[in-house]
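Visitor: In case you want the letters, here they are:
Number of protein chains: 4
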Amino acid sequence: MSSIWSSNIKLSLFGESHGTCVGVTIDGLPPGVVFNFAEIQTELNRRKPGNTCLTTQRSESDEFEILSGYFNDYTTGTPLTVIFKNHDTKSKDYSRLKEEFRPSHADFTGYVKYQGFHDFRGGGHFSARVTAPLVFTGAIAKQLLKIKGIEVCSRIKSIADISDIALSYTEDHRELLRNIQSKIILMVDGMSEELAKLKIEEMRNSGDSVGGKVECFIYGMPAGIGNPFFNSIESQLGSLLFSIPGVKGVEFGKGFEISKLRGTAANDIFYSEKDEIKTRTNHSGGIQGGISNGMPINLVVAFKPTASIFTEQESVNCHGEKIKLQLQGRHDPCIVLRAAVIVEAICAIGILDFML
Amino acid sequence: MSSIWSSNIKLSLFGESHGTCVGVTIDGLPPGVVFNFAEIQTELNRRKPGNTCLTTQRSESDEFEILSGYFNDYTTGTPLTVIFKNHDTKSKDYSRLKEEFRPSHADFTGYVKYQGFHDFRGGGHFSARVTAPLVFTGAIAKQLLKIKGIEVCSRIKSIADISDIALSYTEDHRELLRNIQSKIILMVDGMSEELAKLKIEEMRNSGDSVGGKVECFIYGMPAGIGNPFFNSIESQLGSLLFSIPGVKGVEFGKGFEISKLRGTAANDIFYSEKDEIKTRTNHSGGIQGGISNGMPINLVVAFKPTASIFTEQESVNCHGEKIKLQLQGRHDPCIVLRAAVIVEAICAIGILDFML
Amino acid sequence: MSSIWSSNIKLSLFGESHGTCVGVTIDGLPPGVVFNFAEIQTELNRRKPGNTCLTTQRSESDEFEILSGYFNDYTTGTPLTVIFKNHDTKSKDYSRLKEEFRPSHADFTGYVKYQGFHDFRGGGHFSARVTAPLVFTGAIAKQLLKIKGIEVCSRIKSIADISDIALSYTEDHRELLRNIQSKIILMVDGMSEELAKLKIEEMRNSGDSVGGKVECFIYGMPAGIGNPFFNSIESQLGSLLFSIPGVKGVEFGKGFEISKLRGTAANDIFYSEKDEIKTRTNHSGGIQGGISNGMPINLVVAFKPTASIFTEQESVNCHGEKIKLQLQGRHDPCIVLRAAVIVEAICAIGILDFML
Amino acid sequence: MSSIWSSNIKLSLFGESHGTCVGVTIDGLPPGVVFNFAEIQTELNRRKPGNTCLTTQRSESDEFEILSGYFNDYTTGTPLTVIFKNHDTKSKDYSRLKEEFRPSHADFTGYVKYQGFHDFRGGGHFSARVTAPLVFTGAIAKQLLKIKGIEVCSRIKSIADISDIALSYTEDHRELLRNIQSKIILMVDGMSEELAKLKIEEMRNSGDSVGGKVECFIYGMPAGIGNPFFNSIESQLGSLLFSIPGVKGVEFGKGFEISKLRGTAANDIFYSEKDEIKTRTNHSGGIQGGISNGMPINLVVAFKPTASIFTEQESVNCHGEKIKLQLQGRHDPCIVLRAAVIVEAICAIGILDFML
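Protein chains in written order, with the working numbering: chain W, 1 to 356; chain Z, 1 to 356; chain X, 1 to 356; chain Y, 1 to 356.
The following block holds chain W by itself, in its conformation from the complex (with noise of 0.2 Å):
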């Protein structure tokens, strides 16, 4: 297995980064969809490089096309296959990488996978341009889940050691979360944002970059939603989660820092309120055993600093002889920026796998 993902749905992602295009066949939505256009591109824009100078200056048009599955403006319920062609790759920028291996990247491992023949240029299938596709196919799911009331949302929890304020996990922050949408860096302090945007400039300044962390709020979720063991919400989303490029930790609910609590101060209390049972606090994410609680569900993704940097590094080539680094080509100072919309795509394609 590899760029496949089988559960409900079932998706399959293909293309390299500087080839004819990247794409995903989409098996399993119901017929009979009309799609939002618009809130797809927005969507899309938010995931978008060459938006900001705070990100890549990688200008893709992220305009896709749709082969199949869609006919006389409804989903057909057969597969829907989505492309995103390639304009703006200047290859050339890579053609170093086919025996030189940057640090941190996929070069060494995918070529010792793919015993070299793997598509070098610019990450080729490990690209994150790969996650396009994603981000088309969560805003899908996002526009389903909607009708049965679940919401999807996202913020930037921090940026290296810059945090957001705490948000409580009970209390459903949609509107917050809504109104933060426009924002550069989806921070809802703006004190932290401004001392985010200024880490990052300085980051691009001197050609280093920077990690940071993104937090999920899923609201609307009804009570009784996954299974134990294999097949959990958390397995479920933690599995898509691992499959973003970058990131190297999840969490659920209170995560790593439930690990320090007692259990007096860890349980959630259930109580009662106008016939729906709730806990008053929600250290469990609104999981309990793998199954939704009807709780709001959070989660948190610690995603590493872009490993494409201006400084120049040592490395080895494929001969095993030591090199100096100096990268070329346009990368996001802070890929974090441009995460959050697809953790929320993630999440949501997660959840609506589970409610089909």
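Treat the hints as calculated values from the structure; they're not laboratory data. Please note: incorrect hints may appear among the correct ones.
Where chains are identical, the list cannot tell them apart; a pair therefore holds if satisfied intra-copy or between any two copies.
For lysine to aspartate or glutamate, the following EDC-like pairs were computed, each having C-alpha atoms within a straight-line distance of at most 20 Å [as the list claims (entries may be wrong)]: (1) 278 / 99; (2) 183 / 201; (3) 324 / 193; (4) 324 / 208; (5) 85 / 65; (6) 197 / 273; (7) 274 / 172.
Just so we're clear, the structure is a prediction, and the values are computed from it rather than from any experiment.
Got chain W; can you put chains Z, X and Y on it based on the hints?
Guide: Just chains Z, X and Y now, kept in the frame of chain W:
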């Protein structure tokens, strides 16, 4: 999907805490393997409740019975089924749970999902007892990995806010980690161990519980194993690790900390040593682009405090009525002590699956 | 993959003919189902060896034991495991088979695939005894289908060259087929039945065996179930039916005969009756484009003669040496008698899977 | 599941007959494979419509475009996507089909399943044009199998009631079958071929159609490949073969005929020759217990006559009203001529999958 995991190896988990037995069918083992039963039992003993005053007093013998797939002292290559019969089940302890929801347990979510028909006794199919078959499977996986020169080790990284000393990600700690296996608390540092013991005793005495973290190291891993996207090493191990009851966070390499670093600090610089390509640091945890790079793989798993505590708690019953809960029964004040072997087992299964 | 079938329902088969037991884990059953144990036993008795002089003299009680997933007289919704313990195993009958290959059995292919480590006693995991858990599963599937108004019936279409009368594919033969269930040979026509009995007796007396065909009808199937291509009704049922030991052919509707027809004769003309769309003929067997059209589904399965015969046969052993084989043991001269209920079971499982 | 097949190789089919294109993503190919494009085109030409007066007059160029997974003249090892653009689409021919159901087509079942939203033009996703990507995949599979010494050949066994001569199952007919590849009708016997041609011409002239059977042989297969039960060779190939539009029956070895034989006649007697174990007859078709025995594998597939005929037919429309249908458009009077290469492709894919 729920209790079946289906990759190159396929696992089918079954059973309930207070039913006839718990067990697993393992499909995909090679034929001709001689089990090291002493090692299997050692692994099971590490998970077994009741073997120290720091863990639950339930004394299951954890004796297993192989029902199929093992013939004339060899695996046959056809499905191997193993069961663990339940003997020491005090079901009356749980009789109230039919209608009452223990905080942060799966009682409520299971009630909703299974419409009240699930086996509520001792957590039923949600019980940590179902991990005994996983430890059995892990012991076999470890044995098969050892032939390929791969070893999975672990230690307790922290209990509550008491952390063991840090271990470098580039060095091989196999011997160190083997040496602590006989300890009750698998920490390297004696002082931390003592403090953790005191903390757990305090918790038990006060009817409370506490969480912690397990760190896992995989040594001897060749480069080039894994896949980009949906079947990356992180996706596969992440998915399996989030199947373990009580896990709320998983991170690889530098994990959540890496989100605070600059690219210049986070990138793992390649160098060549004796015809082998290595990295000077290993913040990536041995994985780049979802594929192993030949450095040790390492990961940390966060466990919540045992939800079963013995101080009175508020809750609701299935009629939505407010109740007071005073748990009876036998529980671990700190499941992390018994969790390390489960984390190892899960990692061994996930890695072996890539190697078949 | 081998003994796990993984769709909406997941089955994990295990066990060997002369080991501890055979069994299955069923994952994906809804919670709250009350089993009709009398019906399950009736179905099992239809498959059971030793219940007539026309079948093998091995007298297994075919008593099952549910290990998990059934609690307080209801399915729990979590994995249901059932085992059939092996009692009447005369393993010494098979001792020579360790090294000698019975013609048209899996002794040789199993020996090669499992490198000599498989359980050779009585066919081991290849044994038709492993179908007992499938019949159990089928009995449950039938019960769940009946609630949806769907019924799976069968009859023996032929034994050797003795054919039962033809049944129209457009009419509902439920009552007719129910009425023949008490017969030893499930044929409609009494004369064919008598001839078939004589044939089987002749085979038994001469130490020979004979094959036959089973025809299966699925009534009450709504239109619109199934899929094009890889998960068509024919693909799903075909795949499952070819899992039954001894099956060498599967056809739907007019099957092989349709290849001889002209389109004008083969096409099923649509007409409307009481707001329902039907077809005047049903050469398609109720399936068009892989999807049900609301007409009865019908299919025929061809079984080879029992490979175990009692006349001396030439063969080779695992050293490639020529040998003479004179089989001992107890075998059916005609497995088709016991196969009808297995075909029904498999079809019920396959169809239920589409309906969940 | 529907248009995704997921085993060691994974296929994701997409596209509609009169949409933008049809295509497939193949996941799981090894890296470093150089395609023989001449052979791929030869295979595609065998399936191509319009290349003889005996087949449909639609003249698709069947030119393919590789979108991903092939770089610098080698497979990369990451997903390979290929599309076939639709050029010669006369969609107005099909405009009436929006509401009218052609007999024995998927118009009605598709209408019900997809609630009227499916692409009805020329069968949409149900169209045999979707098999072009399968033939492409098969051509690659054949190339990879050839390296392992395995060859998949076929011939037309019968058209209507005109049968080609019988070929023994024990001998190797590779050369014979290669030699007939240039024929329009892939029959060995010249007389049968002539009769079949006349029959097909007669059908075309009378606006009728006719079915037939394809026989497939797999040579060079090592013993020990396959599995018992759900993933037997018969299950895997059966499932894939029943995915081909128009297939109504599949049989292995002696197939349906074996049901009429006695065990003494049906059993394949083992003997030893030059250190190889063989069978004197091969009624099992090279498969015992779901696993190859080293003898040639053979199977027969029954195709129904083309449902599209040009004589007026009665039918109903989606309002249940009686209509008269007089089909326009371009269709094969006998799809079997073009089906042989599809059967070969499917078998090559299914067998390669076992060998990876």
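Visitor: All hints, please: hold or fail.
Guide: Evaluated hints:
1. 278 / 99: Classified as between; 16 Å across copies, 57 Å inside a copy.
2. 183 / 201: Intra 16 Å, inter 50 Å, cutoff 20 Å: intra-copy only.
3. 324 / 193: Neither, since 35 Å and 45 Å both go past 20 Å.
4. 324 / 208: Classified as within; 16 Å inside a copy, 56 Å across copies.
5. 85 / 65: both (8 Å within a copy, 14 Å between copies)
6. 197 / 273: neither (42 Å within a copy, 40 Å between copies)
7. 274 / 172: within (17 Å within a copy, 52 Å between copies)
Hint compliance for this structure: hints 3 and 6 are broken, all remaining hints hold.
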